[in-house]
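Q: Residue-level listing of the chains:
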Amino acid sequence: MNNRQIIRPEEVLAEYYPPLTDHEAAVEANRCLYCYDAPCTHACPTHIDIPKFIKKIASENVVGAARTILEANLMGATCARVCPVQELCEGACVLNAEERPIMIGRLQRYATDYVYERGIDVFEPGPPTGKKVAVIGAGPAGLTCAGELAKLGHSVTVFEKRELPGGLSTYGIIRLREPVEVALAEVEMVKRLGVEVRTGMELGKNLSFDQLRREYDAVFLSVGLGAVPAMGIPGEEHIIDGLGYIEKSKLDPHGLEVGQNVVVIGAGNTAIDCATIAKRLGAQRVTMVYRRTDAEMTAYLHEYEFAKKEGIEFRFLTQPVRVIAEGGRVRGLECVRMELGAPDASGRPAPVPVPGSEFVLPADQVVKAIGQEKPVLAQMLGLATERGYIKVSDDFETSLPGVYAGGDCVRSRGSASTVMAVEDGKLAAFAIHRKLVPLRAAADD
Amino acid sequence: MADLRINFAGIKSPNPFWLASAPPTNSGAQIHKAFEYGWGGAVWKTIGAPVLNVSNRYGAWHYGSQKMLAINNVELISDRPLEVNLREIRDVKRHWPDRAVIVSAMVESTPEAWRDIVLRIEDTGADGIELNYGCPHGMSERGMGSAVGQVPEYCEQITSWVTSVAKIPVIVKLTPNITNISYPAKAAVAGGAQAISLINTINSIVAVDLDTLEITPNIGGKGGHGGYAGPAVKPIALHLLSQVATTPEVAKSGIPISGMGGISTWKDAAEFLLLGASSLQVCTAVMHYGYRIIEDLCDGLSSWMDSKGFKTVDEVVGKSLWRISDFKDFDLAFRAVARIDLEKCIKCNLCYVACNDTAHQCIDLVDASGNVVQPYSYDVRSNGKHEAVSTRPQPVVREEDCVGCRLCHNVCPVDGCITMVEVPSGRASITWDQLTRERPEVGTDWEAMERYRKEVGIEIH
Chain A
1 MNNRQIIRPE EVLAEYYPPL TDHEAAVEAN RCLYCYDAPC THACPTHIDI PKFIKKIASE
61 NVVGAARTIL EANLMGATCA RVCPVQELCE GACVLNAEER PIMIGRLQRY ATDYVYERGI
121 DVFEPGPPTG KKVAVIGAGP AGLTCAGELA KLGHSVTVFE KRELPGGLST YGIIRLREPV
181 EVALAEVEMV KRLGVEVRTG MELGKNLSFD QLRREYDAVF LSVGLGAVPA MGIPGEEHII
241 DGLGYIEKSK LDPHGLEVGQ NVVVIGAGNT AIDCATIAKR LGAQRVTMVY RRTDAEMTAY
301 LHEYEFAKKE GIEFRFLTQP VRVIAEGGRV RGLECVRMEL GAPDASGRPA PVPVPGSEFV
361 LPADQVVKAI GQEKPVLAQM LGLATERGYI KVSDDFETSL PGVYAGGDCV RSRGSASTVM
421 AVEDGKLAAF AIHRKLVPLR AAADD
Chain B
1 MADLRINFAG IKSPNPFWLA SAPPTNSGAQ IHKAFEYGWG GAVWKTIGAP VLNVSNRYGA
61 WHYGSQKMLA INNVELISDR PLEVNLREIR DVKRHWPDRA VIVSAMVEST PEAWRDIVLR
121 IEDTGADGIE LNYGCPHGMS ERGMGSAVGQ VPEYCEQITS WVTSVAKIPV IVKLTPNITN
181 ISYPAKAAVA GGAQAISLIN TINSIVAVDL DTLEITPNIG GKGGHGGYAG PAVKPIALHL
241 LSQVATTPEV AKSGIPISGM GGISTWKDAA EFLLLGASSL QVCTAVMHYG YRIIEDLCDG
301 LSSWMDSKGF KTVDEVVGKS LWRISDFKDF DLAFRAVARI DLEKCIKCNL CYVACNDTAH
361 QCIDLVDASG NVVQPYSYDV RSNGKHEAVS TRPQPVVREE DCVGCRLCHN VCPVDGCITM
421 VEVPSGRASI TWDQLTRERP EVGTDWEAME RYRKEVGIEI H
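Respectively, the protein sequence lines represent chains A and B.
What the first sequence shows, in full-length UniProt numbering, is residues 1 to 445, in sequence order.
What the second sequence shows, in full-length UniProt numbering, is residues 1 to 461, in sequence order.
No lab work stands behind these hints: they were computed from the structure.
Glycine included, each C-beta is placed from N, C-alpha and C at the ideal position.
Check before you lean on any hint, since a few could be wrong.
[To be verified] With the C-beta cut set under 7 Å, the calculated list includes, among others, these residues of chain B facing chain A:
id, residue
1, Ala359
2, His360
3, Arg392
4, Leu435
[Claimed, not checked] DSS-like mimics (lysine-lysine), calculated; alpha carbons at most 30 Å apart, straight line:
id, chain 1, residue 1, chain 2, residue 2
5, B, Lys454, B, Lys328
6, B, Lys344, B, Lys252
7, A, Lys391, A, Lys435
8, A, Lys55, B, Lys67
9, B, Lys222, B, Lys311
10, B, Lys252, B, Lys308
11, A, Lys52, B, Lys344
12, A, Lys52, B, Lys67
13, A, Lys55, B, Lys252
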């Protein structure tokens, strides 16, 4: 132990990409071709006018650049950091064919950080409509919906069950990609638009859904997903929940216990985040275990490449069957080798255990990040569902009139992401506005 | 290996590249260093009347991430004592007999003052004298520099004062700050000049500071026009060079022209040679990057000459000058249209927006099924790189409607993607001059014009 280097979480988990300097931003912004009807804008789920904001950076109108971004995406500072830009805007950049794409994400961060660091507000609350909207859940979808409604003049209250608002931006994105302060700055911006944010308020506990429906003209549900599901294997009680692991690394990194030999179950982006935390906080060996192969893993390719560079090991076609513990301490994870069989319901080849191939991976800590359960609230509130998610119309209205929903809790198609949640929140706000004040909405068009 | 040596009005140098009269040729120490780097010659920073300089002398124009596309300056002629300059000129020439050492001069406008300076310059052993009729700031307020260059009569008179005394070649340097540069050029010939050089710098205000509202560069709260030079002025210099080179009196006299104005690379140099310059002067590019750029100026020019089969600089000089023509002599039947190489196109749509907003509306966006589509016509619920890239329409030129304006070619960021292709117009060659001599009414009467268009099949959309 004496030889061990002292690890400072604030250093090893600090934001991975440094901010662009003014010079770097100017050079990169000037490289942008200013495409017309640009593919980056099409690829962005919130359709930020990207060439427009980049040219504003080039012309040194950085506040205008931030306004352009935030008009389309109120959580622009978060999305600048957490978006899988390789799959979205930067992946669509025409310069992929010529040299390398524009660093759109980092330019977006440059512009949005500029206004937050200087306390500049680019929007004002709209003239009051006299209408009240309740938003349940202060994640990206809820905050966006609340902020957009406040810009349109509605009185909005956001109810959040956790201690801090921000949802996964605050609790679920590793510091390496987004520090807590960024998420909280966005919350403060929304509050300055007149939105009231009440934390520690949970539906079914200290918050009555029926009362909300009576007191508010509309309700927007942005409740996210449920807990990490159980593995259903012996020794389950020794497995640490990945989202909790990330949360601790953000809010109390000194208090996070990290093993020397950590096994992470799962191969999605959250699993890679957990493995990265373990590695950076001092684990000597971090192994990710996945029952399929690298071709089926849900982590983005760039995340997979990142993990390999971090020195994280991968065991594919490996299924955990039992946690081995002695005296309350984890000693290993017993696994069985798998092989790929016929396609399953998801269309991917189904992994099938190879009889007699059990083996033990030595481990002193096992973390699972195998997705989240579908929102339990849907059944509780009596909402119609689609494949377990809350079912909504094109206007994001649920089966209950005046009750809208968006974000991960309605993501029955496609993959859940922050930027999709923001787009839901924005479009739902516009739909609510049209419903509450149809004449004004029509006049604004 | 091409022979880069030149003999310019009797002044010999191992290559055509001279440092222009400017800060890079302010002292003997600098020119020694420049010659060590390989410069073929140097025109000493103008000597003559006593001056005092100010600080914050150089402004610059930057565009995007490109620094110093142009420089602007209010520095005057040499502020070093005349004797020091003359001593250093003598020293440089003695050390570098094979290089061209030319001395730029500017004194008050009297025959005595000019006679005195000419004799003192000749005493140094310098190869030539350049008369600075171009400095547009400060000196011109004192009746020198461009105040001379802008009045052809003064220009001729002072030139003849000098040429009647001088035994070494006299080069007259012209100002571009004049409506028609051929007049001072003719005056220089009439005054007996052995050569002409151009262009001097252009009057300019380079910027206004948006924080302080001061003029850039700020000189104690004030600012004023300074001389503009650098890559941004090259097209203006090429035009004025060709204008002087094609002025009949100049052409007939056979005197050589030293070209300058934004020469930064060997490519610029070759263009100046092709339009009639036989020595080349460089300033701003050296002020940006130092004397070392001479290596590629020579190397690049030599390689290009080899690739084109030019053995000497003389073979290049003026090679494209015959193509300089007036609009009235252009072939009205020549037709070119834009063609987009679909393999190279990256679908940035810059050609589309340029053509449709500001030119002649002949580029369409075409989807994978061949249908013309409008921009921004995708479903806003679609996203992701695959969707954005795979559904992106392709810009296509409607060649029958293309007027050949060439704007798309100019805005296209991909080399070789949009080319202007010559296509038969189906009409016989004719110039405006020929047409209006045959049918003068076409140039004065719209109905006659319409009849002519119908007759030859010209359709304007």
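Q: Does each hint fit the structure? Answer for all of them.
A: Here's how the hints hold up against the structure:
| no. | hint | verdict |
| --- | --- | --- |
| 1 | Ala359 | 14 Å, violated |
| 2 | His360 | 17 Å, violated |
| 3 | Arg392 | 6 Å, holds |
| 4 | Leu435 | 39 Å, violated |
| 5 | B:Lys454 with B:Lys328 | 21 Å, holds |
| 6 | B:Lys344 with B:Lys252 | 49 Å, violated |
| 7 | A:Lys391 with A:Lys435 | 19 Å, holds |
| 8 | A:Lys55 with B:Lys67 | 18 Å, holds |
| 9 | B:Lys222 with B:Lys311 | 52 Å, violated |
| 10 | B:Lys252 with B:Lys308 | 28 Å, holds |
| 11 | A:Lys52 with B:Lys344 | 25 Å, holds |
| 12 | A:Lys52 with B:Lys67 | 23 Å, holds |
| 13 | A:Lys55 with B:Lys252 | 52 Å, violated |
When each numbered hint is compared with the structure, violations occur for hints 1, 2, 4, 6, 9, 13.
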